[in-house]
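Could you slot chain B onto chain A? The hints should help.
Each chain is listed here by its residues.
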Amino acid sequence: MEAAAGGGCGSGPPLLLSEGEQQCYSELFARCAGAAGGGPGSGPPEAARAVPGAVTAAAGPVADLFRASQLPAETLHQITELCGAKRVGYFGPTQFYIALKLIAAAQSGLPVRIESLKCELPLPRFMMSKTDADTRFGNPAELHGAKVQIPYLITEKNTFKRMDDEDKQETQSPTMSPLASPPSSPPHYQRVPLSHGYSKLRSSTEQMHPAPYEARQPLVQPEGPSSGAAGAKPPRHQASLIRSFSVEREPHDNNSNYPDEPWRITEEQREYYVNQFRSLQPDPSSFISGSVAKNFFTKSKLSIPELSYIWELSDADCDGALTLPEFCAAFHLIVARKNGYPLPEGLPPTLQPEYLQAAFPKPKRECTLFDSYSESMPANQQPRDLNRMEKLSIKDMADFPVPAQDVTSDDKQEQNKTRLEQNKIRLALKSTVDEALPKDMSEDPATSKDSNSLKARPRSRSYSSTSIEEAMKRGEDPPTPPPRPQKTHSRASSLDLNKVFQPSVPATKSGLLPPPPALPPRPCPSQSEQASEAEIHPQLNRAPSQAADSSPTKKDIPYSQPPSKPIRRKFRPENPAPENQEPSSTVGGPASAVTGKPHTAVQKQSSKQKKAIQTAIRKNKEANAVLARLNSELQQQLKEVHQERIALENQLEQLRPVTVL
Amino acid sequence: MAVCVAVIAKENYPLYIRSIPTENELKFHYMVHTSLDVVDEKISAMGKALVDQRELYLGLLYPTEDYKVYGYVTNSKVKFVMVVDSSNTALRDNEIRSMFRKLHNSYTDVMCNPFYNPGDRIQSRAFDSMVTSMMIQVLSRAPCCRAGEALWA
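Quick mapping for you: the protein sequence lines, in order, are chains A and B.
Going by the working numbering, the first residue of the first sequence is number -15, and it counts up by one from there.
Going by the working numbering, the first residue of the second sequence is number 77, and it counts up by one from there.
It is worth saying that the hints were derived from the structure and are not from the lab.
Worth double-checking, as some hints may not be accurate.
[As the list claims (entries may be wrong)] Below 20 Å or equal to it, Euclidean Cα-Cα: the simulated DMTMM-like pairs (lysine to aspartate or glutamate) are:
1) B/LYS178 to B/ASP204
2) B/LYS178 to A/ASP301
3) A/LYS278 to A/ASP267
4) A/LYS603 to A/GLU624
5) A/LYS278 to B/ASP185
6) A/LYS278 to A/GLU290
7) A/LYS278 to B/ASP196
8) B/LYS178 to A/ASP267
9) B/LYS144 to B/ASP161
10) B/LYS144 to B/ASP116
11) B/LYS144 to B/ASP169
12) B/LYS86 to B/ASP161
Bear in mind the structure is a predicted one, so any value in this text is a computation, not a measurement.
So here's chain A without its partners, still in its complex pose:
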């Protein structure tokens, strides 16, 4: 069985392959041959040997495969020359196997020579594209669903045996699966270098994977078994296959061994959760009490038993309060549930508080996270991959009974779907707000065009009236600490007045403060500040609203400007709400009451000041009204107290012994 492949054809040097290598090479050959579309593409080595002349690996897939080995081009040229392909003009099995062995040699650092073939070498390493790996193992997953799950329930030794069986069956399956054509691989290659480093580590940590896979089996039927098959393989003999498997999983895993895509919190989601947390509890390092959290989560309109279960999952220390990571986990579970994912049996590793704390240490200081609101993700590929994979996987998870082939076809169109997937996440956020689950899928195509309108939609319907908009706004703003209204209004002695003033007046003053240093300095806020110091300018213009608008909106990424304006308009009537403490939003609120029109700079400034003055006037009027109301209430109370006093005095009179006149 070993040397037959080499001896059968008679050309080229004798090739001694170990059993493992035989397996691997034959599989790779089958893939390359099958990918060509023609040829029998049959996996079993016997067939290949039986008809050596007829079975050839097409140059295209072979070239891609060789490139995947990440050797320099001239080495590859040498190899192809040596293996005899150039001589015979095609890649027969012999040539292919020789080439693979030479690749292994080259990767091990040995010179590319015929003599190297004689050495005992590890298997060649290829950075396979996810597509290929997926298609290859997508089918086996369904064919051998139950069977594949068994291996990682037993010991390693046994699993190796079983995996051998698996391999044999899997090598046959490529004939049935629609092998993806390599041309789509360039986008995958982009991802690949990232994970290249991990794949090497991966081989030593393969054995740990069965555990998380078991946990997520109920969720991930098609993917789980295939990845599980990878997880159970001992690295020694199946190194290249493992790596191809592991690369398949790499984009999912992103730095850790946790393949729980739907349970991974993206940066964007994280920001949103943190802002929601802040709306409930200004100090991110303390907790939210149970009752507060209960009211908040009840608004998500999930059933009480489900909420109870989610709480149980997320409150890891069972103290009846949620810290920030616990809150994020709970929120994420709610979002997932609303999107239709069944709740997990246990808290997924990516939602554990330690993991969350480690992954996102300082939500406040992560200014770069706000870039996530823009279409262009930060240059860092990993979050993008993560997001892409998560979005893809969420999209896939949502209809997970669908076979894995759909996953791969989605992969091919990944580029086109990037925007779609990003919107999917926003949809996920939105769905918690809209409480309309079925809308998710139907709105997907609609939202792919205009992400702006999508962003506006969650704000149009919020389940806590202002907090969503609040949160989004706050998210777009730089991470300022929440305003402390007491500082600006020390004159207000009574607590009532403080509360009264909180929503209205402090907003203006603190809102017009210059932005924190993280952002580029802008003239607008300082100018509005001057304006608030009562410099009157006669010109009336719409520009101030634009400018004042642009002052907070400049902080936003440009594309979000259109949706933010209509939202700000909504803030006005909701200003007195106690939650509404964010300065910029309330500044934006009154400012956007008049829709902005572009004007010249000079007019802008003067009208800005005028606008600011008007704003101040309005604010004062509001404060006046509030005070008047308070006054009337107090008067009312005074009256009542008087009446009580009179009543008491009457009673006293009656009870006093009647004096004889």
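Relative to the frame of chain A, chain B by itself:
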């Protein structure tokens, strides 16, 4: 291992009752019901002292030929009743105590859940799994038995 575990509210209605389904579950429910009298007796007997000094673990409430019934009361008058197999002589008092302690801890965790209203049936999966671990291991997960509760309602 326990054959039946029950959590009884202060007003003597069951919050949670679960038994091994092979046998006649009704029998266990009757047992638990009747044991409540014994519990009340023990509480009132000790109740002359301050509540703080009252021991939570009540011990063996009464033995039958097949089973032994143990009781435990919390400070909020929530009672835990456990029925164990008499043939299982390996179970010592300490083990029973530790089982009750586990029950109590799990119950506290259930209480901490803000979505749980005191007086509701306990539907927590964590609690269920903990009780399952206490039941005889041979059987697979037994469904929480609610049928008998109609008797008490």
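Please list, smallest to largest, the hint numbers that this structure does not respect.
Hint check: 4, 8, 12 fail, others pass.
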